[in-house]
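There are 2 protein chains.
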Amino acid sequence: MRKLKITEMGRMNVEEFRASEKMPLIVVLDDVRSMYNVGSVFRTADAFRVEAIYLCGITAQPPHPEIHKTALGAEDTVAWQHFPTSLDAVNTLKQQGYTIFSIEQCEGSTQLNELDSQLAALNSKLSTLNSKFALILGNEVKGVHQEVVDASDGCIEIPQFGTKHSLNVSTTAGIVIWEFAKHLLI
Amino acid sequence: MRKLKITEMGRMNVEEFRASEKMPLIVVLDDVRSMYNVGSVFRTADAFRVEAIYLCGITAQPPHPEIHKTALGAEDTVAWQHFPTSLDAVNTLKQQGYTIFSIEQCEGSTQLNELDSQLAALNSKLSTLNSKFALILGNEVKGVHQEVVDASDGCIEIPQFGTKHSLNVSTTAGIVIWEFAKHLLI
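Sequence lines, in order, name chains U and W. Just add 472 to the spot in the first sequence (first one is 1) and you have this note's numbering. Just add 472 to the spot in the second sequence (first one is 1) and you have this note's numbering.
Just so you know, these hints were derived from the structure itself, not from any lab. Don't take each hint at face value.
No copy is singled out in the list; a pair is fine if it fits within one copy or between any two copies.
As the list claims (entries may be wrong) - Derived lysine to aspartate or glutamate pairs resembling DMTMM-like cross-links, with alpha carbons at most 25 Å apart:
#, residue 1, residue 2
1, Lys-604, Glu-480
2, Lys-597, Asp-622
3, Lys-566, Glu-523
4, Lys-566, Glu-538
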């Protein structure tokens, strides 16, 4: 099978991206320490036309060379804003009608492979047109703050079967955004 | 919802991991340049009990401090071996009966969201017990070598809708391994 050339991939330019319809999903980074992770989340958010990234607390903001290393320009396409704390971001999102999920391993969290039935249950309550979501990803060591988890509508957990207690933040973001993209974008 | 403590997550120790049944999936890294990516793939492979990682060509091998930064010890749990070229790895895997997919954007590649029907079609040909898979992830700039693509049984592509022509290698690995884990592990 012949590999496609970059010119054959039919990608948008920056102006087309800004004007395009976005996936109704906002990604909230709660005190994410690594700028590699921040940049990588921007790149994933570009690929799946995420509505915006909310950078909270100590999470670094573009422009920054370390963010650029993994974002590779996606920091110029994806909308973003900074909030002093992720609780501020969550309160704003709630007022705007977003359904908010913390990505955390909690008592009773929804396993990501059961997201379909979780969203189907939500859809019976929400109008599809009004279904918009926010996903909160936490600090590399401490995860999402407990008070932010408490303010969320639910927790989603990626089931894991090895020795480490978590996946990298950028990998987690990729997997969860992909699952939502299958529902909201593709 | 209360966040789980690490001690409540029921993770395996290294010995239990080594003795555990693995997902019948081998990840082949074809000239991956970044040790952050290599380490991150190890961490993801630990979480989903991937059978082994084949590090090919210039792909760095553990132990290395830069790999450890993102693997965080998973380089000591997941089996790996080095091959001079990924074509050597692919030829070995073929002899062992693995079905081999390059993760690439090719003419006629399978979209990842259509993997279910692709695997269902394969399952009608393969015995479930003999279904074992290898995924090839390529260099950050050049992707999978064309001759390795040609030697594969098929190409899988993550559909993308933004401005950038690809996702990060570690993000790509996370998304594709997750999709296979839903079929082979969970």
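Hint check results:
1. Lys-604 x Glu-480: neither (32 Å within a copy, 32 Å between copies)
2. Lys-597 x Asp-622: within (21 Å within a copy, 48 Å between copies)
3. Lys-566 x Glu-523: within (16 Å within a copy, 43 Å between copies)
4. Lys-566 x Glu-538: Neither: 32 Å inside a chain and 40 Å across chains, both beyond 25 Å.
Checked against the numbered hints above, the structure violates hints 1, 4; every other hint is satisfied.
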